[in-house]
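Trainee: Sequence:
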Amino acid sequence: MADECWVSLFSGGKDSSWALYRALEEGLNVTHLLTVHPEGDSYMYHVPATRLAELAAESIGLPLVDVEPGTFGADTATDSGTQGDREIEPLETALQELQEDLDCELAGVTAGAVESEYQTSRIEALCDRLGIELFAPLWHRDPVELAEAMIDAGFEITIVQVAAYGLDESWLGRTLDTAALAELRELNEEYGVHVLGEGGEFETLVTDAPHMDRPIRLEYEPEWDGTRGRLRITDAWLADG
1 MADECWVSLF SGGKDSSWAL YRALEEGLNV THLLTVHPEG DSYMYHVPAT RLAELAAESI
61 GLPLVDVEPG TFGADTATDS GTQGDREIEP LETALQELQE DLDCELAGVT AGAVESEYQT
121 SRIEALCDRL GIELFAPLWH RDPVELAEAM IDAGFEITIV QVAAYGLDES WLGRTLDTAA
181 LAELRELNEE YGVHVLGEGG EFETLVTDAP HMDRPIRLEY EPEWDGTRGR LRITDAWLAD
241 G
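Numbering (the numbering used here), first residue to last: 1 to 241.
Just to be clear, a hint being listed does not mean it is correct.
Claimed, not checked - Okay, the calculated beta carbon distance ranges per label pair: (1) E4 - G173: 26 to 32 Å; (2) E117 - D235: 36 to 42 Å; (3) D101 - R141: 29 to 35 Å; (4) D85 - T178: 36 to 42 Å; (5) E25 - E124: 32 to 38 Å; (6) E198 - T178: 15 to 21 Å.
For the record, the hints were derived by calculation from the structure and aren't laboratory data. Just so it is clear, CB atoms sit at the ideal spot from N, CA and C, and this is done for glycine as well.
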């Protein structure tokens, strides 16, 4: 019987990176990363800086499968549910194709879902259709405990996009460390900002972690429109050592 292997649904952000890290810690045989690159807004996927997943994959030492699904039919979808269903289709197709090419039996996928029933229910249904398992170690965990665990493990997390009341331009490019977490807890109490940005309040990129051989270095310019902003990354590379 062929050995079992796992695929990590991976954006380069903190949640999918933590799911991958925990899978490796649990001894799961993760053989590939898979990144979906949405065009424009997405209900299902992390959007900013997904192109940097290639650098992360190189640092981690795993091959990356890129999925280029376009706009998922967003222009013709009548509601979020319809668009979400359409967004899952290219991911399912990519996993089916990968299943055929693997020299091991695909046991399951890892995912960084925390609280989104919208996303998780669709990934669970996908796994059911493919006859594989879902490893989601963040699911329904306390967000503060998760953030503390990431920081304690040595994750270097850079905030690359913000879109929530209470998060101003100063958060762009900031490291999610103990001090930032304390401020996010205050913003959660005052404005309801999720401390992990689960509702899209902020997005991140993991630039270093224990399972990465080399850190990612960035050059960027902040872009701010008065209420939300992002980092326009002008250069990115793996540092030596």
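Trainee: For every hint, state whether the structure bears it out.
Mentor: The hints, checked one at a time:
| no. | hint | verdict |
| --- | --- | --- |
| 1 | E4 - G173: 26 to 32 Å | violated, 40 Å |
| 2 | E117 - D235: 36 to 42 Å | holds, 38 Å |
| 3 | D101 - R141: 29 to 35 Å | holds, 33 Å |
| 4 | D85 - T178: 36 to 42 Å | holds, 40 Å |
| 5 | E25 - E124: 32 to 38 Å | violated, 22 Å |
| 6 | E198 - T178: 15 to 21 Å | holds, 20 Å |
Hint compliance for this structure: hints 1 and 5 are broken, all remaining hints hold.
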